[in-house]
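Listed below are the residues making up each chain.
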Amino acid sequence: MKAIIFFGLTAMTAIGLAQDHSGHQMAGMKKQTELPAMPTDIPGWLNAPGADHLFYKAARYNWAINRIPKFAKDMYATGVGHAMAYEALVRGEASTLETKTFDKINWVLKHPPAMPVDEGAISPTFLRKYGYLEKVFDWAHTLHFQTIDVFAHPGWTDEQKEKEIERLWEFYEAQPYAITGLPMNMDYLDSFPYSMKFRTDYPKVNGLFWGYHWLQTVNYDMLYRVPVKDQASQYEVLGARYHETELYKTDRDFMPMMAEMSPRFAKRFPQIANAFDNLHMLHDNVNDILAQPQLTEAQKQEQVKIAIYRVLATTHKGETPGDSEGKENTLHDHRHPPSMPGMGWMKGSEDDIMWMSGMGWMDMSACSHCSIPMPEGNPWGATVSAEGWTMMVRCLMCARDMAGETPGRAIIRAATNDPNRLLVLISDEEGNWTSNIEGIVFLEKFGEHPECSGWSRAFTTLAALEKYVADNPEYKDTKPLTLAEWAALNHATPDTYRKIDKPNPYKPGPPPSNGGGR
Amino acid sequence: MNIINSISRSLALFAVMGALSLAPIASAHEGDCPYCKLKLVQNTKEQDNEVVLKMGNKRIEYRCMYCVIKDQGRYKGDLVVYAPSEKVGEPVVLKRTGGKWTAPEGAVFLNIFNKHADCAALSRAFSSKAALDAYVAKHKVEGAKALTFAEFADAVTKPAKLKP
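Heads up: the sequence lines are chains A and B, in that order. Going by the numbering used here, the letters in the first sequence line up with residues 1 to 518, in that order. Going by the numbering used here, the letters in the second sequence line up with residues 519 to 682, in that order.
Bound conformation, chain A alone (with noise of 0.2 Å):
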């Protein structure tokens, strides 16, 4: 009972947010004039000139990455990117960037490295100059392959393969470099005087990093609970669209969020989200200070220290999810949406709602199609890649449909009736679906949509949807579907769906003449 009063309070709230606050501006932090002072409590390895990297904790799983071959070598590639533009900042060759250096990035992105490269060989100006930051950059960057080899991992289940990314995530809290797993207010970080100076003066090499991060943050929910053999073929889809579109990007508002590319992993492993987000701030604060032509050398020195300060796990000790009492928009501000507490504070954010670039105002605790709210508990709905974005929805009906109202290529993956057995469906351009169940059936029984997590779902057997209609005799005339019929259904966008319409908070300024919503 208590769910459904939340239920429909959380409908009311959400519905009641977006309308209130149509056509106003959104209150967002006010850029600083003034650079951030060194802290008093920064930690001794910061300014020690040891080269005293961690690696891999030991484990069979390890490089299990190169099981997917094509996303493996462009993972390796983020890192040579990232250590070509590093070198040409501290080496005075910024004005290279866009030109020379973008295109030897470029290069590589199309022709990526078979194995990691060592950061240190492409970039050791940087390195000599910023050893310190690039041991928290190695650090996070271990942590990114290893959640990755796990899941990537066969002959695991899902449980010990769930385990096992805890214990990773303990094993990297540990360590001094470790970034913290508590969300931040990502308003605030990119508040700085330098501030968002990279993305302006360098948009299309920003594009490739914000391109780097679509594609370290879209991964998880490709394999976050999918089996290994089903992994590859959802990377032809999203290998293809990060080459073809991500990462020429240039009209992103916001880096990409692990909330927003893989919802489903950010919320059960919150922590690791956020030291993501975090880690890929991180790296836009570098970008900005080393872009900042006003700035001495030293200056740049000591703003990098404050930035890396600013988001290890030292500094927030003792702190906790949620807390903000009196800190807002400040270091200290670990607001989240409240039901997604894999993401920091937004700007413009109100509660759930938030601005997704590309998509617009979007309520994270609602269907992305028929804005009812998330069914609890299982089943959990199903998400929607499509266009590069990813959206929770409440049932298959609904991300069927959004997929097939979205030109492209998509990749559905959906609870079925088995916890332990996720369906994947990836559609060709014309919305004809492949499924990695042979076999799968479809009850869909066309009604009110706030209840449509009852009547559209997925079997794995024929038997488990006659259990299912059996244990539901309301469903009993109702003909089960193969993939093929359940394919060629479309009911459109439901009358239920409300657009949230406020303006772009990145964009200040009248609404635009779009409402900015998808």
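In case anyone wonders, no lab produced these hints; they're calculated from the structure. Please note: incorrect hints may appear among the correct ones.
[To be verified] Straight-line C-alpha distance at most 30 Å; calculated DSS-like pairs for lysine-lysine:
hint: 1; chain 1: B; residue 1: Lys656; chain 2: A; residue 2: Lys70
hint: 2; chain 1: B; residue 1: Lys557; chain 2: A; residue 2: Lys249
hint: 3; chain 1: A; residue 1: Lys445; chain 2: B; residue 2: Lys572
hint: 4; chain 1: A; residue 1: Lys163; chain 2: A; residue 2: Lys229
[Claimed, not checked] Per the computed footprint, the stretches of chain B lying under chain A, defined by three or more beta-carbons under 8 Å from a beta-carbon of chain A, are:
hint: 5; stretch: 574 to 584
hint: 6; stretch: 643 to 649
[To be verified] Across the chosen pairs, the derived CB separations fall in these ranges:
hint: 7; chain 1: B; residue 1: Val598; chain 2: A; residue 2: Asn420; range: 48 to 56 Å
hint: 8; chain 1: A; residue 1: Pro203; chain 2: B; residue 2: Lys594; range: 29 to 37 Å
hint: 9; chain 1: A; residue 1: Ala488; chain 2: B; residue 2: Lys676; range: 49 to 57 Å
hint: 10; chain 1: A; residue 1: Thr478; chain 2: B; residue 2: Lys656; range: 28 to 36 Å
hint: 11; chain 1: B; residue 1: Asp636; chain 2: A; residue 2: Asp251; range: 23 to 31 Å
hint: 12; chain 1: B; residue 1: Lys676; chain 2: A; residue 2: Thr250; range: 24 to 32 Å
hint: 13; chain 1: B; residue 1: Thr675; chain 2: A; residue 2: Pro39; range: 56 to 64 Å
hint: 14; chain 1: A; residue 1: Lys229; chain 2: B; residue 2: Ala668; range: 44 to 52 Å
hint: 15; chain 1: A; residue 1: Ala488; chain 2: B; residue 2: Thr675; range: 42 to 50 Å
hint: 16; chain 1: B; residue 1: Gly595; chain 2: A; residue 2: Arg67; range: 27 to 35 Å
hint: 17; chain 1: A; residue 1: Pro39; chain 2: B; residue 2: Asn567; range: 55 to 63 Å
hint: 18; chain 1: A; residue 1: Glu98; chain 2: B; residue 2: Val598; range: 38 to 46 Å
hint: 19; chain 1: A; residue 1: Lys476; chain 2: B; residue 2: Val598; range: 51 to 59 Å
Predicted, not measured: the structure shown is a model, and the values here were computed from it. A virtual CB, placed ideally from N, CA and C, is assigned to each residue, including glycine.
Dock chain B against the given chain A, drawing on the hints supplied.
Showing chain B alone in chain A's frame:
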């Protein structure tokens, strides 16, 4: 147990429908045009406005005829476009088969907008020239010309000089 579940579902439905009814009524099928990113214009009792492109199992809505023809290059397969006409519920059906477009005999097209915000009203299909003339007269459209589909497609694919 089933009765409780059934009551629970009904209450949930009631709560959500209640919540939705508190909100000012928004049009159904809200969304943005994949090409111009402006809002789709909803059908009304008097006039259809949604341009629907069908390709296999995809059903993609556009804001106007201009947008759908301008965006056709992204689709490789055969297409069917349901272009709203002067008659509610009776679209002009265009087909692209093997890359070649066909339109119903007698169908004509209007394409005279200067700002994209006006595209849904001024880039449209009509079942006949008489219907286009009546629409132009009713809406006092200046300089309107009835285009065949070939002329329309040719005009659309020329470099655009539109105000945003």
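Structure-based check of all given hints:
no.: 1; hint: B:Lys656 <-> A:Lys70; result: violated (59 Å)
no.: 2; hint: B:Lys557 <-> A:Lys249; result: holds (22 Å)
no.: 3; hint: A:Lys445 <-> B:Lys572; result: holds (23 Å)
no.: 4; hint: A:Lys163 <-> A:Lys229; result: holds (21 Å)
no.: 5; hint: 574 to 584; result: holds (count 6)
no.: 6; hint: 643 to 649; result: violated (count 0)
no.: 7; hint: B:Val598 <-> A:Asn420: 48 to 56 Å; result: violated (41 Å)
no.: 8; hint: A:Pro203 <-> B:Lys594: 29 to 37 Å; result: holds (31 Å)
no.: 9; hint: A:Ala488 <-> B:Lys676: 49 to 57 Å; result: violated (37 Å)
no.: 10; hint: A:Thr478 <-> B:Lys656: 28 to 36 Å; result: violated (47 Å)
no.: 11; hint: B:Asp636 <-> A:Asp251: 23 to 31 Å; result: holds (24 Å)
no.: 12; hint: B:Lys676 <-> A:Thr250: 24 to 32 Å; result: holds (26 Å)
no.: 13; hint: B:Thr675 <-> A:Pro39: 56 to 64 Å; result: holds (60 Å)
no.: 14; hint: A:Lys229 <-> B:Ala668: 44 to 52 Å; result: holds (50 Å)
no.: 15; hint: A:Ala488 <-> B:Thr675: 42 to 50 Å; result: violated (32 Å)
no.: 16; hint: B:Gly595 <-> A:Arg67: 27 to 35 Å; result: holds (33 Å)
no.: 17; hint: A:Pro39 <-> B:Asn567: 55 to 63 Å; result: holds (59 Å)
no.: 18; hint: A:Glu98 <-> B:Val598: 38 to 46 Å; result: holds (43 Å)
no.: 19; hint: A:Lys476 <-> B:Val598: 51 to 59 Å; result: violated (36 Å)
Checked against the numbered hints given earlier, the structure breaks hints 1, 6, 7, 9, 10, 15 and 19 and satisfies all the rest.
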